[in-house]
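Model the full assembly from the supplied sequences, consistent with the hints where possible.
Chains as they are written, first to last, in the numbering used here: chain A, 7 to 132; chain B, 15 to 354.
These are calculated hints, taken from the structure and not from any lab test.
Here the structure is a predicted model, which is why all the values come from computation and not from measurement.
Where hints are given, some of them may not hold.
Unchecked claim - Calculated cross-link-like contacts (lysine-lysine; reagent style DSBU-like; alpha-carbon spacing at most 35 Å):
| # | chain 1 | residue 1 | chain 2 | residue 2 |
| --- | --- | --- | --- | --- |
| 1 | B | K58 | B | K105 |
| 2 | B | K336 | A | K14 |
| 3 | A | K31 | B | K278 |
| 4 | B | K57 | A | K55 |
| 5 | B | K105 | A | K14 |
| 6 | A | K14 | B | K300 |
| 7 | A | K55 | B | K336 |
| 8 | A | K9 | B | K315 |
| 9 | B | K278 | A | K14 |
| 10 | A | K95 | B | K336 |
What the hints assert, rightly or not - Computed footprint of chain B on chain A; a stretch qualifies when at least three of its residues, placed anywhere within it, have a C-beta under 8 Å from a C-beta of chain B:
| # | segment |
| --- | --- |
| 11 | 19-33 |
| 12 | 115-122 |
Don't be surprised by glycine CBs; every beta carbon is placed ideally from N, CA and C.
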Amino acid sequence: MKKKLTDKLVLICPVVALLLSTCMKNLPLILLSLAALYAGISISSLSRKQEGLWLFVLTGIATIPVNILLSLRVCEVSEYMWSELLLSKLLFFPLSYAVLLSFEEITLGLLGRIIWRDRDPSWKEE
Amino acid sequence: MRYPFLSNWIVCKKIPGRDAYYVRDYVLDSRCLISVEQMRFAKKLDGRTDPYSLYRGKSRSEIRELLEELDLLGVIRCDHGVISRGRDGYKRTLIRTKDTKAKKLLAGLLNFLLLFFCVPVLITGIYVFCNTSFWMCSDLSFIEVLLRKNRIVSIVLFYLIGIAGGGAIHEMSHAAACRAYGGRVFEYGIALGIFPGFYTLLDQSGIRSGMKRIQVYAAGTEGNILYAGFLLILSGVFPGIGNYLSLAAAVNLVMCVINMIAMKGTDGSKILMALIGLDNVEGYEKLDKLTQSRRARRMLKNEGLCGHVQLTACFIIILLQKVFPVLLLLDIVSWIGVFS
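The structure is reproduced here in structure tokens:
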């Protein structure tokens, strides 16, 4: 029971740290939390042989504030360059969020692949 | 290709001790046995020769039957090089290719270039482009004058150079990476759908390593980055046509970004699927099955935290794949509205 809780905490703590460090806009802390996330996934028995999958999901959650901040910045730039229309801003925000999310998932996933070589998660058959 | 021709998607091997060939079609994923006589006839078909003139000893109806049988088995292609038309878009074979040792060696070299030199070349290109006056070594003022006279034509021309060259390099890079890691490349062709472009038919089932499969998917984008870098270097060296060359480079960089987003069919989506272990043919189907079937969802939830994680991953990918086309379309409409 205690081990299970530790395993969950090992995975959750870096995510929370990453969320908080982004809100504080502290770059060294963000990088440290990211390293902790990789370490947590490596250590936890919950994510054993499914490291890529866990990284994919946890990254999607942990990067929410970063993506919101960056998307808002992108919207400001697009507003300056193209238009001040609220509609175009509303449309541009989710697009830039989705683009950033897919780029982050790919970059961090590739880094994960380098760390955990050739470990394809097994998917349940129906 | 007016007449039927030997399929370029097959690999055939003579069975020792038997008058038969084992044929495997890697694109249609089928296997069959045919006689040596049938294979000899099929090998003579090159798409330019009338098959009825090849087999003198048999009647026209017999040859027609033989052709129909070979077509059914997938040994020959009677599609005149057209793979699909209609709703699925128009796809046509342009170049049929065979794997040779020399090609494999060249592919290995190209793959090495793509892997290790695409980013340095782009950075060099940006540096050269930003310091044009220092690098300028050739005066192309006569071309500049010519291009200035026909400004719109020049812009369209360089846009096409960027997009067509980029598309061709993109597909060739996929093929090079696939060949370098032991996969098979069958053909290059054009595809006309909502967005016209090129395609490569390849088989990477022989590539076992996940990282190598990912490199095959990523090679196209690396090729575009390399091409954009070269164009930027050229624009720095020939400042007279620098604006046009940088336009072609920008087109390639946009192609890279679009290719890396997780929209269904893009390389980015394939890489993402490979990263979570679903890059096989049934990958998308499995995603749909897992999210749509209540039984499958319940089964995954019963798995505990790991099941929940799998389900969340499915939902994130499906959401990205469904959201991207809608958002892109809406954004394009809004940009058109802004500019008009």
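A quick look at each hint next to the structure:
1. B:K58 - B:K105: The hint holds at about 25 Å.
2. B:K336 - A:K14: 31 Å, holds
3. A:K31 - B:K278: OK: K31 (chain A) and K278 (chain B) at ~33 Å, within 35 Å.
4. B:K57 - A:K55: 48 Å, violated
5. B:K105 - A:K14: 50 Å, violated
6. A:K14 - B:K300: Roughly 28 Å separates the two Cα atoms, so the pair holds.
7. A:K55 - B:K336: Holds, at roughly 29 Å.
8. A:K9 - B:K315: Since the Cα atoms of K9 (chain A) and K315 (chain B) sit roughly 21 Å apart, the hinted pair holds (cutoff 35 Å).
9. B:K278 - A:K14: Judged against 35 Å, a Cα distance of about 33 Å means the pair holds.
10. A:K95 - B:K336: 20 Å, holds
11. 19-33: violated (count 0)
12. 115-122: holds (count 5)
When each numbered hint is compared with the structure, violations occur for hints 4, 5 and 11.
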